[in-house]
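Visitor: Fit chain to chain and form the complex, with the hints in mind.
Here are the chains, one letter per residue:
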Amino acid sequence: MVNSILINKKIPKIYLISLFLILLILPGILSLGITPGRTTFNYETGMTEKEVDFSVINNEHKNMQVMLMIQGELNSSITLYESMVEFSPSEESKQFKYKFKVPVGMDKMPGLHTAEIIALEVPKAGSSGTYVGATVAVVSQVYFYVPYPGKYVDADLNVLDAETNGTATFILPLINRGKVGIGEARAIIDLYTSLNEKIGSINTDYLPIEPGARTELTGKWDVNYPSGNYLAKVTVLYDGESRSFEKQFAVGSQALNIESILVNNFRLGEIAKLQILVDNKWNQELKNVFANLLVYNNENQVMADIKSAAENIPALERKELIAYWDTIGVQTGEYNGKLMVRYGEKSADKNLLLKVSEDNLDIVGVGYAIRPQGNSKGTSLSTILIIIIVLMIIINLSWFVFFRRMMAKKKGK
Amino acid sequence: MKKHLIVVLLQGLFLFLIAGLIYYFYPTTNASVDGNWVNFNSINAKVIMISENPDFSNSRYLDLTQRKNISLNLNPGTYYWKSDNGIIEGLQNELVVVSEVGMKIDKTSNQSDLVNLGNVKINVTKTKEGAIVGQVILSPEQYEQIEDSGNYVGRQDGK
Numbered sequence: 001m002v003n004s005i006l007i008n009k010k011i012p013k014i015y016l017i018s019l020f021l022i023l024l025i026l027p028g029i030l031s032l033g034i035t036p037g038r039t040t041f042n043y044e045t046g047m048t049e050k051e052v053d054f055s056v057i058n059n060e061h062k063n064m065q066v067m068l069m070i071q072g073e074l075n076s077s078i079t080l081y082e083s084m085v086e087f088s089p090s091e092e093s094k095q096f097k098y099k100f101k102v103p104v105g106m107d108k109m110p111g112l113h114t115a116e117i118i119a120l121e122v123p124k125a126g127s128s129g130t131y132v133g134a135t136v137a138v139v140s141q142v143y144f145y146v147p148y149p150g151k152y153v154d155a156d157l158n159v160l161d162a163e164t165n166g167t168a169t170f171i172l173p174l175i176n177r178g179k180v181g182i183g184e185a186r187a188i189i190d191l192y193t194s195l196n197e198k199i200g201s202i203n204t205d206y207l208p209i210e211p212g213a214r215t216e217l218t219g220k221w222d223v224n225y226p227s228g229n230y231l232a233k234v235t236v237l238y239d240g241e242s243r244s245f246e247k248q249f250a251v252g253s254q255a256l257n258i259e260s261i262l263v264n265n266f267r268l269g270e271i272a273k274l275q276i277l278v279d280n281k282w283n284q285e286l287k288n289v290f291a292n293l294l295v296y297n298n299e300n301q302v303m304a305d306i307k308s309a310a311e312n313i314p315a316l317e318r319k320e321l322i323a324y325w326d327t328i329g330v331q332t333g334e335y336n337g338k339l340m341v342r343y344g345e346k347s348a349d350k351n352l353l354l355k356v357s358e359d360n361l362d363i364v365g366v367g368y369a370i371r372p373q374g375n376s377k378g379t380s381l382s383t384i385l386i387i388i389i390v391l392m393i394i395i396n397l398s399w400f401v402f403f404r405r406m407m408a409k410k411k412g413k
Numbered sequence: 001m002k003k004h005l006i007v008v009l010l011q012g013l014f015l016f017l018i019a020g021l022i023y024y025f026y027p028t029t030n031a032s033v034d035g036n037w038v039n040f041n042s043i044n045a046k047v048i049m050i051s052e053n054p055d056f057s058n059s060r061y062l063d064l065t066q067r068k069n070i071s072l073n074l075n076p077g078t079y080y081w082k083s084d085n086g087i088i089e090g091l092q093n094e095l096v097v098v099s100e101v102g103m104k105i106d107k108t109s110n111q112s113d114l115v116n117l118g119n120v121k122i123n124v125t126k127t128k129e130g131a132i133v134g135q136v137i138l139s140p141e142q143y144e145q146i147e148d149s150g151n152y153v154g155r156q157d158g159k
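Residue numbers (the numbering used here), protein chains in the order written: chain A, 1 to 413; chain B, 1 to 159.
Next comes chain B alone, as it looks inside the complex (with noise of 0.2 Å):
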């Protein structure tokens, strides 16, 4: 009986030495997310690999092997990520980069613009009494010289 305890308390011992191992060598990686900008922050990992597919198909990697944070300029979407150290890669994460539809009617004495404000591609439809008469495409910072008339609807653009 007593063989039987010291063959579990090794195993425990030595599940322990793992976990700790595990822990020590983890590639600790936090990520921040303001706006658009992403801000990857690890003391340990060498490479960050990012892709829009929880398959990780077609991802990118970011080099972390001269400096301890990046950051990047993300399009809006659902990011997913994991970080390597070259012995652990780590757990797979997830970021989400919120889209944010936001339009401006700059109005002059003799024009008016209509601006983009937001971080997508927008769609703005102009009504009149109810009826569609007009149709714009902007990027973001893009504007377009409007009539000052009308009610102008902004909407995400693309699937």
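Chain A on its own, in the form it takes in the complex (with noise of 0.2 Å):
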């Protein structure tokens, strides 16, 4: 009773209550994570076993207890040191190791082989004993691939800026999964539609493959055709041999556009409105579009977080959307960001770079950008030293042709 008093004296309501809530919260919660989600090898003559590392994750920073474990065609392959493992809530991540053995005779079982590593938050059991609902796991996965023998490709196909009016580029990622290299490789896209007319076709660059390397090829196609589904039926031509597949991709699903990003009457320390000018390039109206901006510290820490209000916009139509930035605390200084126009499930994002001045605040969009002109391409290393060895041959060839005419002249003296 005096100890309860105590409490009641000692405690605010409000710190119970937070307690209350955080504790009614925190069971709820089941998290769990793991890096690298893949490890690669390729097979190697030679090659007996390796050892990798990977993580753990405490993403909640809780106790927690996981359990590992192992599955999958190679996971008789595989040695984990651990099964078992506690959290604190101090500890935000832990690493392990695992080893893999190459198994005998490998090399005769081309392709892909793979395992799983799987960690699993082991739930906390109830008062009854026993737990009901859902569970995580987490995999780290193992890919191995063995080569085949000749030369074998591996293809993917990926559309940008596929717009009506635009051109769009086509990509494809080639991985040599064979033993020997390939001299050239290129490819033949048919363009079709959901109908199966054929609409166009796509020849793409040609480029060479070292064995296990990858390289990507490219395909321009001006888009002509309304937005919609169209079909690439792709035929892979290497060496006099081919690989073919499809894949589906759609012209004009990119909606929404950023067209600008503007700053009235900036002052440092004061809330800064963002006005973002977004384009509606759909034929129908996109219900509850909000822009997220997303600032980082120079330790790449989220500094802040900014959303403006949702809007509706309406078929082929522009808007600006709103944001406000509190820039209390925010030094002067180089800031990267990331705007994020959501949509659905959808999102339109942008890199920019955020120059933050007592009185301006200048945001210039970043990313990849082509060669700047007038930057002529440096000479590479292997070309300075081929120089500098055909230089010291012709010194030396011409310091021994003049050595031996001066030994000669001195020899008829």
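It should be emphasised that the hints constitute simulated quantities derived from the structure, not laboratory data. Glycine included, C-beta positions come from ideal geometry on N, C-alpha and C. Honestly, I wouldn't trust all of these hints.
Simulated pairs of lysine to aspartate or glutamate, EDC-like, Cα-Cα distance not exceeding 16 Å [to be verified]:
hint, chain 1, residue 1, chain 2, residue 2
1, A, Lys273, A, Asp326
2, B, Lys68, A, Glu334
3, B, Lys159, A, Glu116
4, A, Lys233, A, Asp156
5, B, Lys104, A, Glu92
6, B, Lys107, A, Asp156
7, A, Lys346, B, Glu144
8, A, Lys62, B, Asp106
9, A, Lys124, B, Asp148
10, A, Lys377, B, Asp63
11, B, Lys159, A, Asp156
12, B, Lys159, A, Asp154
Sample of chain B residues with no beta-carbon within 12 Å of chain A, all distances over it, derived [what the hints assert, rightly or not]:
hint, residue
13, Asn30
14, Ile43
15, Ala131
If we take Cβ atoms under 10 Å as the criterion, some of the chain B residues that face chain A in the derived model are [said to hold, decoys possible]:
hint, residue
16, Lys3
17, Leu9
18, Phe14
19, Lys46
20, Thr78
21, Asn93
22, Glu94
23, Val101
24, Ile132
25, Gln135
Guide: Pasting the structure below:
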């Protein structure tokens, strides 16, 4: 009784309510992470075993027990050093190791062989001694590629900037999974409508591929067709051999475009008004569109997470989204940022650089640029080395010839 | 013999001079990876070439003419890069943005949400008594309402 009175006197009610809420919420979060999500090995002659590091992440900084398991085709080739681990709230992640032993005779089994390291959060049992509810487990995959005899190509297709009246870029990542190098790989991409009507054909560039190496072929297509789904039938041709596959792609799938970001009357330390102009290129109204700007400090931690109010943008119209950034405590300098305009489950993203001064906020788009004009390509070190070797040979040969002549003259005298 | 020595010494001096010039003009660039962020820092590079392919096919260029460092948010994977200042093209370097598979089940009194906390698209399978009874693919930060039962296993999606 005395104790309870003391508690009531010492701890304000608001703290007790907060504690109760925390206790109510905490058991409701199951969270786990693992890194890397995948480790890939390519078989090489003489390869017997590899030791690999991986980390389990305690995202929520809580007490938890994690069980580590192995499954998959190569499970008997993997040895884990630990199977049950404990985390305390202060431990954000823990590093572990596993040993992968290459099975005997694997070189005669070309293709992909896999295994999985599973980290399972062991749920805490309730008062009845049992646990009822969902559990989470995360996987670190082991991908082991054994090369095919001869030449073998693994291919995929990515379509970028497929917008009506624009130029779409078709990128074909190719990996040579064979033991022999490829002298020339190229591809023909035939394009079809959803009614299977052929509308065009693209020839990519051509490149060599070393065994086990990756390269990318590129092709361009002027899009004179309306938004919708299309089919690409791809034939990869490499040194007299070929491989075909199909992939569907969409034209006009990027419904929203970030046109500009304006900041007027900026004063550091005050609330800045950001006007983000977005263009709805879709022929339907987009509902609940909002902008989310993340500003990162020099340690790449989020120092500001700014959201605009949600707006509906009518079909084929532009609208301004307004977001406010409280700049109290922000120092002058350059900050990286990421602007995401979200609509439904999709998002239009833009990497930014925010140049903050006392009375100006300059926001510039950052990203990949084409090689700047006027910057000629430098000479590679191998070229410099070849030039030096040639020069040294010339100098030494000249000296040798000169010396021989000099000696002959001396003898003649 | 003395003449030979002079020629050898002159050649040594020439090589020393060339090495000095390469050292002076070399586009020294440091790259650091922190999560998905890659920071390039250089004093004298004008351009950084970055590609997912060791042959630099389909590579992209980062302009450093106006600044000394640049940070980029990259998807997990292996990248190859080299810097250039118009005089010397630097050697090829490699960096890895490590993938992270992370999941969270947020439970409230009336619903449970499965959230992708990692930096890659994940393929989540739901198993009950050893059998797969459901599947969902979640992009980073995406969430899906789920039933509060069964075992949810998340693994990196795609090849």
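Visitor: Hint by hint, say whether it matches the structure.
Guide: Hints and how they fare:
1. The straight-line distance between the Cα atoms of Lys273/A and Asp326/A is roughly 9 Å, inside the 16 Å bound, and the hint therefore holds.
2. Between Lys68/B and Glu334/A the CA atoms are separated by roughly 12 Å; this keeps the pair inside 16 Å, and the hint holds.
3. Annotation: proposed proximity of Lys159/B to Glu116/A holds, straight-line Cα distance about 14 Å (limit 16 Å).
4. Of the pairs offered as hints, the one joining Lys233/A and Asp156/A holds, with about 11 Å between alpha carbons and a cut-off of 16 Å not exceeded.
5. For the proposed pair Lys104/B and Glu92/A, the alpha carbon gap of about 15 Å is at most 16 Å, so the pair holds.
6. The hinted pair formed by Lys107/B and Asp156/A fails the criterion: a straight-line CA distance of about 38 Å is larger than 16 Å.
7. Distance check on the hinted pair: Lys346/A and Glu144/B sit about 14 Å apart at the alpha-carbon level, within 16 Å; holds.
8. As the CA atoms of Lys62/A and Asp106/B are separated by approximately 14 Å, the hinted pair is consistent with the 16 Å bound.
9. For the hint linking Lys124/A to Asp148/B, the alpha-carbon distance of about 15 Å falls within 16 Å, and the restraint holds.
10. Restraint check for Lys377/A and Asp63/B: the C-alpha separation of about 13 Å stays at or below 16 Å, so the hint holds.
11. The straight-line distance between the Cα atoms of Lys159/B and Asp156/A is roughly 9 Å, inside the 16 Å bound, and the hint therefore holds.
12. At most 16 Å may separate the alpha-carbon atoms for a hinted pair to count; Lys159/B and Asp154/A meet this at roughly 10 Å.
13. Taking the minimum C-beta to C-beta distance to chain A, about 15 Å, the non-interface status of Asn30/B holds against the 12 Å cut.
14. For Ile43/B, the requirement that its beta carbon stay farther than 12 Å from each beta carbon of chain A is met, with the minimum near 15 Å.
15. A cut-off of 12 Å between C-beta atoms confirms that Ala131/B is not in contact with chain A; the least separation is 15 Å.
16. A hinted interface residue such as Lys3/B counts as satisfied when its beta carbon comes closer than 10 Å to some beta carbon of chain A; here the least separation is about 8 Å, so the hint holds.
17. Contact between Leu9/B and chain A, as hinted, is not supported at the beta carbon level, the nearest pair being about 12 Å apart and thus beyond 10 Å.
18. At a threshold of 10 Å, the smallest CB-CB gap from Phe14/B to chain A is about 8 Å, leaving the interface hint in force.
19. The beta carbon of Lys46/B comes within 5 Å of a beta carbon in chain A, closer than 10 Å, and the hint placing it at the interface holds.
20. Evaluation of the Thr78/B hint against chain A yields a held restraint, the C-beta minimum of about 9 Å falling below 10 Å.
21. Residue-level restraint check for Asn93/B is violated (minimum Cβ-Cβ distance to chain A is 13 Å; threshold 10 Å).
22. With a least beta-carbon distance of about 12 Å to chain A, the hint placing Glu94/B at the interface is violated under the 10 Å criterion.
23. Checking Val101/B against chain A by beta carbon gives a least distance of about 4 Å; that is within 10 Å, so the hint holds.
24. The criterion of a C-beta within 10 Å of any C-beta in chain A is not met by Ile132/B, whose closest approach is roughly 13 Å, and the hint is violated.
25. The criterion of a C-beta within 10 Å of any C-beta in chain A is not met by Gln135/B, whose closest approach is roughly 14 Å, and the hint is violated.
Of the numbered hints stated above, those contradicted by the structure are hints 6, 17, 21, 22, 24 and 25, listed in ascending order.
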